[in-house]
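Visitor: Chains as they are written, first to last, in this note's numbering: chain A, 38 to 342; chain B, 38 to 342.
Just so you know, these hints were derived from the structure itself, not from any lab. Just to be clear, a hint being listed does not mean it is correct.
As the list makes no split between identical chains, a pair holds if one copy fits it or if it spans any two.
[Said to hold, decoys possible] Using 27 Å as the maximum straight-line C-alpha spacing, the simulated DSSO-like pairs for lysine-lysine come out as follows:
1) K314 <-> K133
2) K160 <-> K86
3) K191 <-> K277
4) K130 <-> K148
5) K84 <-> K314
6) K262 <-> K148
7) K243 <-> K282
8) K169 <-> K91
9) K148 <-> K283
10) K86 <-> K243
11) K283 <-> K122
12) K191 <-> K122
13) K191 <-> K91
14) K210 <-> K241
15) K196 <-> K148
16) K282 <-> K148
17) K337 <-> K84
18) K91 <-> K314
19) K277 <-> K193
20) K191 <-> K160
21) K195 <-> K282
22) K297 <-> K195
Protein chains: 2
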Amino acid sequence: MSLRLTILGCHSATPRVNAFPTSQYLEINDRHFIIDCGEGTQRQMRKYKVGYSKINHIFISHLHGDHFYGLIGLLSTFGILNREKELHVFGPKGIKEATEMLLNISQSHAKYELIFHELSSTKSELIFDDEKVSVHTIPLRHRVYTNGFLFKEKEKPKKLHMQNIGNYPEIDKADYLNIKAGRDIVLPSGEVISNEELTIASEKPKSFAYCSDTCFLPSIIPIIKNADLLYHEATFLSDKEDLAKKTLHSTASQAATIAKEANVKQLILGHYSGRYKNTELFQEEAKTIFSETLLAEPGKIIEVN
Amino acid sequence: MSLRLTILGCHSATPRVNAFPTSQYLEINDRHFIIDCGEGTQRQMRKYKVGYSKINHIFISHLHGDHFYGLIGLLSTFGILNREKELHVFGPKGIKEATEMLLNISQSHAKYELIFHELSSTKSELIFDDEKVSVHTIPLRHRVYTNGFLFKEKEKPKKLHMQNIGNYPEIDKADYLNIKAGRDIVLPSGEVISNEELTIASEKPKSFAYCSDTCFLPSIIPIIKNADLLYHEATFLSDKEDLAKKTLHSTASQAATIAKEANVKQLILGHYSGRYKNTELFQEEAKTIFSETLLAEPGKIIEVN
């Protein structure tokens, strides 16, 4: 398993007894991320057994309450639990001042270092990059400054094809790093052995695009092109397309259109308006345009293998 | 029913799946109050069917997260639900700036007026007073500035004893208001008819004292004397009295001692530390000092008749 998404909450606006605002837990290539943090996120993390200590990076799309008001409680709880590791929070400009003010007023002086990465660009930018994963912003259009996030695994090192390598006693263990790095090998005889012969092709890196909240925005298509999994908000059905336009949200059809045009492999919908009692209608509507459509619900896990 | 308390949450520190931080809903003489507002309060209000529109006053004891971090979400939700009535929030100095900053950063511009009553006195003061109810602060001692609250019904108007009044044809309807106001009546003959004869004694006004969070603090006893119901925090059992002292919390025994010395009618305990799996131990410990001890649990309703 290289990519696994757990839905912690997926409803819009106000929390209800069994409807939690947006939050997701992403495991990708041994990295563990929280994406958005509506009120109650820490409780949902406990419910679905997300280890608090695994989380080192939190990504906040925008500062509306249903994506943000659970952050302060989570950070405070990390402090109460004596966290010592540093924690990185990515989110719109202003998030640092607001969060620090709340922590100060509550005198929640934690031992761990809280590092904010404030975002303000309207262009896609690389905001996280290590040897395993990269994260780019996906500029969205909503009533406040908003980014989606594109999480991509790095190319994995090639594995050695030991049986084929055994056919060339001239190849030394010292060459293995070069082979893993994708290089051909030149034998003392001058013969060139192609890298393909000496390695087992590694799994294709996986990617996940998170897009919430946003109006219908085709400009994101080049950024999310060919993603393995796309989460796209679908606050309304097409019967409320006017309201979607007015509130800068999307309909299920619009999300499906983006998924289709971007040639993603799977689409998962969420951020349903409370006016719809039957969320299956979202899936039905989207499937007429893009068949590989799933519905977010609390506790749902989507694995990309 | 003149006083009814609904426990929305009653655990300390960090929310867990079935443990919600402090919040209570108090109905007293047709007034409807929320007391403290830990994360998830709005969800608990929905769960226990507390009508959002009934709430016009919220009292926050102190700004630790487990009593405060649910306020912003609730206020924001009131806005989303198009509340128009003004809302009063009582709490420590600083609550206004923090709350307004969060509402601004989320661009949660509601139509209703939000009126803050910031508290900073270390003496008990009258902070709410209308024809039905009064509320006084109860200065507490905790790691940050903290108040408890004493909610008291006003004396109810006396009811006319129509049968006895019928014995005196000289008494006119115009006298009824005077009788209800407690005055004796002088007949044209000069005879004085005592008010007791002409009225039915009204129910004694009820009172509720809310004390959380605090160390053991006998100075509150004169303020809460003879209350019908006392909620007092009991974060620890006596086995952790040292820890209670260090963290400025109370033990179950200490809460019971306050209840006994203040001669209250009933004590309800809460704010249990997560280290105790069996909350019944709190009741057992307290009952050795004060027998009329109840345990708070989410959804529990205590009526004082």
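Visitor: Work down the list of hints and note, for each, if the structure agrees.
Guide: Status of the hints after comparison with the structure:
When the C-alpha separation of K314 and K133 is checked against a cutoff of 27 Å, the pair qualifies neither within a copy, at 37 Å, nor between copies, at 36 Å. Within a single copy, K160 and K86 get their C-alpha atoms no closer than 35 Å, and across copies no closer than 45 Å, so neither meets the 27 Å cut-off. Taking the shortest alpha-carbon separations for K191 and K277, neither the intra-copy value of 40 Å nor the inter-copy value of 51 Å comes in at or below 27 Å. When the C-alpha separation of K130 and K148 is checked against a cutoff of 27 Å, the pair qualifies both within a copy, at 24 Å, and between copies, at 26 Å.
For a Cα distance limit of 27 Å, the shortest separation of K84 from K314 qualifies both inside one copy, at 24 Å, and across copies, at 17 Å. In this assembly of identical chains, K262 and K148 lie within 27 Å of each other by CA distance neither inside one copy nor across copies; the values are 41 Å within and 41 Å between. Taking CA atoms no more than 27 Å apart as the test, K243 paired with K282 passes in neither setting, with 32 Å inside one copy and 53 Å between copies. Taking identical chains as interchangeable, the C-alpha atoms of K169 and K91 lie at most 27 Å apart only when both belong to the same chain, with a minimum of 15 Å there against 52 Å between chains.
Taking the shortest alpha-carbon separations for K148 and K283, only the inter-copy value of 19 Å comes in at or below 27 Å, while the best intra-copy value is 44 Å. Within a single copy, K86 and K243 get their C-alpha atoms as close as 24 Å, which meets the 27 Å cut-off; across copies the closest is 45 Å, which misses it. For the homomeric pair K283 and K122, the shortest alpha-carbon distance between copies (26 Å) is at most 27 Å, but the shortest distance inside one copy (43 Å) is not. Taking the closest pair of Cα atoms, K191 and K122 come within 27 Å of each other only inside a single copy of the chain (24 Å); across copies the shortest separation is 54 Å, beyond that limit.
For the identical chains of this complex, K191 and K91 are intra-copy neighbours only, at 20 Å inside a copy versus 54 Å across copies, given an alpha-carbon limit of 27 Å. Proximity of K210 and K241 under a CA criterion of 27 Å is satisfied intra-copy only: 26 Å inside one chain copy versus 92 Å between copies. In the homo-oligomer, the alpha carbons of K196 and K148 never lie at most 27 Å apart, since the shortest distance is 41 Å inside one protomer and 62 Å across protomers. Proximity of K282 and K148 under a CA criterion of 27 Å is satisfied inter-copy only: 22 Å between copies versus 45 Å inside one chain copy.
Taking the shortest Cα distances, K337 and K84 sit within 27 Å of each other both inside one copy (12 Å) and across copies (23 Å). In this assembly of identical chains, K91 and K314 lie within 27 Å of each other by CA distance solely across copies; the values are 25 Å between and 35 Å within a copy. For the identical chains of this complex, K277 and K193 are neighbours neither inside a copy (44 Å) nor across copies (52 Å), given an alpha-carbon limit of 27 Å. With identical chains, the CA atoms of K191 and K160 are at most 27 Å apart within one copy only, with a shortest distance of 22 Å there and 62 Å across copies.
Taking the closest pair of Cα atoms, K195 and K282 never come within 27 Å of each other, the shortest separation being 47 Å inside a single copy and 60 Å across copies. With identical chains, the CA atoms of K297 and K195 are never at most 27 Å apart, being 31 Å at best within one copy and 74 Å at best between copies.
Checked against the numbered hints above, the structure breaks hints 1, 2, 3, 6, 7, 15, 19, 21 and 22 and satisfies the rest.
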